[in-house]
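Asker: Could you put the whole structure together from the sequences, leaning on the hints where they help?
Going line by line, the protein sequences match chains P and Z.
FYI, in the working numbering the residues of the first sequence are 1 to 271.
FYI, in the working numbering the residues of the second sequence are 1 to 259.
Some hints here could point you the wrong way.
Across the chosen pairs, the derived CB separations fall in these ranges [to be verified]: (1) Z/Glu197 to P/Pro195: 37 to 43 Å; (2) Z/Arg120 to P/Val108: 31 to 37 Å; (3) P/Pro195 to Z/Arg120: 18 to 24 Å.
Calculated from the structure, these hints are not laboratory results.
All values derive from a computational prediction rather than experimental measurement.
We put the beta carbon where it would ideally sit given N, CA and C, even for glycine.
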Amino acid sequence: MDVTKPLLHQSSSDSRLMRRLLTSLVVVTIYWWAVQGTNTSLTHILEGIPFMAGYIKRMFPPDLSIINRLLVGAAETIQIAIMGTTLGALVALPLSFLAARNVMSVRVVYQATRSLFDVCRAVNEIVWALLFVAMVGLGPFPGVLALAVHLVGALGRYFSEAIETANPEVIKAIVATGASRTLVVVHGILSEIKPLIVGYVLYYFEHSVRAATILGLVGAGGIGFELITSIRLFKSQEVLTTLIVMMLMVVAVDRISAHVRNRIVQVEAIE
Amino acid sequence: MDAIHIRNLSHQYDGRVDRALKNINLDIRASAVTILLGASGSGKSTFLRSINRLIEPEEGQIVINNQDILACGTHEVEEIRQSIGMIFQQFNLVERDTVLKNVLNGRLSYVRTLPGIFSRFSSEDYDIAYDCLRRVSLIEYAHYRSGSLSGGQKQRVAIARALAQCPRIILADEPVSSLDPKLMRETMDLLQTICQEENITLVASLHFLELARLYATHMVGMRDGEIVFDDVPDELTDGELIKIYGETRDWHLYGKLGY
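Answerer: Shown next as structure tokens:
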């Protein structure tokens with residue numbers, strides 16, 4: 001401790017040079033470690049260009065004969081996202097009250113719920129999907145479960161933070177009416193933060209559609225299954241068609257959902 | 001007859017050295033208008049909020065209807081709160097909700113939990129809410145968003161919400177401190193009229209002496225968590241005022257002219 005003090009106050013050029021050298025050494029070491037671990041090299045990239053160009057050339061023209069199959073897959077992806085988001089939000093909402101400091105005064109419960117959210121959120125959807133496929137088998141349902149579990153963590157955290165923003169004086173006014181604890185929570189807190197909650201759910205629905213496009217890669221349903229099949233069979237023209245449908249779907253869902261969210265915000269502002 | 005008996009009431013906030021309320025003894029008369037005076041921080045708010053246990057006082061007794069509310073369990077406290085309306089300086093409405101919904105919130109203690117969660121109020125609740133809105137002359141604003149109203153209108157919604165509880169007592173914590181002088185008069189007039197008509201005991205804290213004199217049947221002065229005056233308004237002499245507020249050159253700011 002005593003050693004750092006003079007070092008910080010003394011702005012001698014010697015010590016500054018030392019610190020710079022040390023910083024550079026650390027940065028160089030990190031990059032050396034990352035590059036040698038991934039075989040990243042300029043020659044690799046240059047050598048790869050003709051192969052990449054060849055693959056892209058073979059993708060054209062896109063194979064439109066599989067469009068019906070793709071639309072079914074895309075629809076399933078959206079269905080998975082709808083169910084996953086709904087299920088996740090329904091579980092997250094009641095739990096989020098246990099993770100809000102202004103509602104839950106028992107520290108242990110509050111901490112435990114927060115930790116549960118952290119665990120759900122820390123594990124990626126695709127990893128949850130792998131686990132659920134192993135548990136309940138192939139198909140869209142493990143995909144729904146994977147999204148739902150991840151969203152319990154993500155939405156639960158945002159919901160509980162929204163609950164904590166509720167005005168404590170307004171809550172006191174509802175308490176003063178003699179309302180029971182449950183009704184205080186519903187009418188003093190929930191009605192204040194309703195638009196925030198709707199906004200988060202729609203935002204995470206968009207996120208879920210994007211996440212659901214790849215769930216098929218591990219056998220959890222949706223358009224991702226079509227993509228991985230075409231890639232494995234080297235049907236490059238099908239790959240391109242699939243990518244186009246995926247992109248159009250994601251863009252369309254984003255647009256519609258963003259429009260609905262804006263409408264909600266606007267209605268709030270006008271009223 | 002007395003509506004509220006307070007005995008040896010003391011409270012200390014966590015982490016504070018001095019007590020916010022120091023051994024308070026007071027009888028508040030039924031159907032009267034008791035005005036609390038005192039500088040900011042003198043304990044008026046803490047005192048009012050102890051009466052319906054928005055704050056849990058450390059010790060003492062508050063007896064209403066032969067029941068010591070500080071000794072009550074959660075359910076009994078909720079029952080007692082039903083009969084005590086409360087009005088706040090900042091109105092404390094749910095701004096996103098309509099005026100009507102805010103007034104219906106005053107009926108929450110009358111609905112059962114499950115219908116209450118889904119805002120299924122009875123037709124009687126609606127009748128009472130509409131009636132209360134008529135009493136505060138806001139019936140045509142029933143379906144407006146509360147946040148869109150002016151300060152004076154918001155406080156009238158808050159009065160309607162308190163009235164919807166069908167209370168025996170109304171506690172008003174600086175009810176007019178965020179309003180302009182004209183609205184102060186109108187709001188206090190309304191509160192006085194309603195309390196007279198419904199035979200409600202009113203306990204309000206105010207900062208303006210002239211306003212206090214207009215409405216008070218009884219005055220209570222607080223200083224540093226203690227009651228230093230407890231009498232009819234006529235007994236509030238200059239000497240007593242100094243006991244409450246200390247020496248100041250700015251009496252005109254309190255509405256005490258010609259000092």
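Asker: Evaluate each hint against the coordinates.
Answerer: These are the hints, each one checked on the structure:
no., hint, in the structure
1, Z/Glu197 to P/Pro195: 37 to 43 Å, "holds (39 Å)"
2, Z/Arg120 to P/Val108: 31 to 37 Å, "holds (35 Å)"
3, P/Pro195 to Z/Arg120: 18 to 24 Å, "holds (22 Å)"
Comparing the model with each earlier hint shows no violations; every hint is respected.
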